[in-house]
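> Model the placement of chain B on the given structure of chain A, informed by the hints.
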Amino acid sequence: MSTARAIRAPQHGPYPIGLLTVLVTVAMLFSAFTAALLLRRTASDWIPITWPPLVWVNTAILLASSVALEQARRAARIGRNESVLNWISIGAVLGLAFVAGQLALWRALGNGGVFLASGPHAAFVYLLTGTHAVHVVGGIGGLSWAFARAQRGGFSASHDGLSSVIVYWHFVGIVWLWLFALLSAL
Amino acid sequence: MSEHHSSHERQSFWTHYVFSTDHKMIGKQYYFTAMFMALFATAWSLLLRIHLAWPDKTWPVLGRLFPGLFQEGVLLPERYLSLVTMHGTVMIFFVVSIALVSGFGNFIIPLQIGARDMAYPFLNMLSYWTIVPACLLMLGSFFVPDGAAGSGWTAYPPLSAVPEAAPGSGMGQTLWILAMALFIASFTMGGLNFVTTILNCRTRGLSMMRLPLMIWTLFVASILGILAFPALTAAAIMLLLDRLGPTSFFLPAGLVFGGTVLQHAGGTPLLFQHLFWFLGHPEVYVLVLPALGIAFEVVTVFGRRPVFGYQTSVWALLVVAVLSMIVWGHHMFVSGMNPAIGEYFSIATVSITAPFAILAMNLVASLWRAELRLSPALLFVLALMASVGIGGLGGVFLATLTSDIYLHNSYFVVGHFHLMIAVVTFFAIFAGTYLWYPKMFGRQLNETLGKLHFWLTVPGVIVGFVGMHFLGMGGEQRHLYDPNAYQFLQHLQWLNVVITFALGSAAVAQIIFLANFFWSLRFGPQAAPNPWEATTLEWTTPSPAPHGNWPGELPVAYRGPYEYRVGGAAFTPQNKPDFVAPSRAPVPA
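As you go down the protein sequences, you meet chains A and B in turn.
Under the numbering used here, the letters of the first sequence match residues 258 to 443, in that order.
Under the numbering used here, the letters of the second sequence match residues 336 to 924, in that order.
Since the hints were derived computationally from the structure, they do not count as laboratory data.
Stretch-level coverage of chain B by chain A, calculated; a stretch enters the list once three of its residues show a Cβ under 8 Å from a Cβ in chain A:
#	stretch
1	515-528
2	531-541
3	568-578
4	581-590
5	607-617
Note that CB positions come from ideal geometry on N, CA and C, so glycine has one too.
With the rest of the complex left out, here is chain A (with noise of 0.2 Å):
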């Protein structure tokens, strides 16, 4: 028996496979709805709703805050830690940005004459858009979390708290533009 095994050690940051499982449901949440909507869509009473256009803009300020936060996970790997600070807090405030643009949004479907009780597809885009807001609020508590262990500092060595509330708020980005087709493809 090689004693080199017997004394492997197998321990790593606890953070990617913390951060798996947080993707893992995520997206297994958002699967279920994915499920639960093609099932429902196949009944008679499915009239798709018109999206109002400022979707698009909050499409593209939930892609700048990617872009954002992208910058500063390169600014934490060369260690500039300063630049760090700066980048999440724009990656932040976009996605405030974006949770009061999709309330904007509810707003001016309620507006055009589109609600919860409408029919099923505009329950559908209700309960996505409602979903989907929670989670990037949830990212928005991991940013700040991240913003205040930068301040101390807390990134210079290991980034992986840091990229894993940016991957996550990746993995958001995307299930926005999942669910942003698939109500405007059915």
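Chain B in isolation, oriented as in the chain A frame:
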């Protein structure tokens, strides 16, 4: 894990006993919470059984004790359904899940993998303190107008989706959904912690194929929970919107309640059933797999031999896990589905018996040439194995589409799932308690009382739940309030009386367990670090394990988990250095 966990920090009462981040304390908190909830859930089932045995009798004393449930000494039909619902929900999610997975899981994972604590101690505490309000909401739902939820533990719409549908569909159902949402949040946090800890925090030398099977089963169960529970989250959100809002995800057109036509239209209750059972079936394995994990630990410790087929057990476990995610439709054979899909679900369900049989047979084969020490823990595991066999036999008839159409929704199903996920899991909880009590509390339980507990429990539950199979074959439906209502059931009424006596006696026998448990906390003899001469890492530290789990350095694993009577030694702990390769086929002579 960083070193600060290992130092013996000074802790106040609040940080030690209440808002603890120590996995051992959190494990015990879960265990005691489950015990507390079990008292209620057992009491409810006794009320159900008393009513079923003597549906025409009046019970003035019970009526005075439970004024909300009884009227003039008779259990009200709508409260009967509430009790059925709450018994199922609380037992599955708030007793067995909490005790077996969260309780033992939290306590044992770091100790068996040689870690100071879980990967995320704070998240662990948060997870426990999310379950507490969930329990309170569940219990509190009895006291709202219209009482607790009455739509069964499966909460099928429309009963669960229309507040005016039935007395149990009101506020109690809303609280049920909210409590379940909190439970899911807590369980997901726990699962995340388990998976991360098992993958990242194992001590040096402890490769995945050296993990005790208990850890493997908890690992697989956690992954199943993470994959399956989000479907119920989605269903719960949509159910709440249907209940409280104007949407129609699950509600079809033309529902009439109390003379009013509902405005909902276009939805389908089948959608809810699919989402529910996508969780519901894997949940069975979330509960049963850790039970088998405990069984493997107990069989090796008290059988004094290595586990039979460690590697095949691990692979079988993984195959069971994958299959358990794609068989949910067998709960819906009579709900209406394309016959081809029904055929698929039937075949997939029957095929899960293959890997599961490997697991069960490995457990049985681990008794081959064992030196059995018939402790209470081993006795309960032997009974658990019998229960897997009897319950599994009934399962074949339910998995087969043609026979299930007759047996569906009958007491055959009730008997079957009680053997599989009530008896198997409870016996595992008892076995785990008899095994790990010394490590948990630093004291020994009384063995004689333990054996008495065993012998007074087993006959009752076997007679009771096997008896239910016969009731089901005779045609008695589950959730039936009054068995006397049908003439074709009257000749089976004696069986209902027998079942009530059998299960009642088993319930009373639990007093012995509780007395032993609490008496020994105070007065049991002090436990040695390794009272059972066991090999896994939790036995290499003092009983009870100190804060940080090991007083000095963390143990290093040099071998597999079950080296009993291997290489001439009576037992070889996992942390004993040895540079000679242990033999691969260690069946003792």
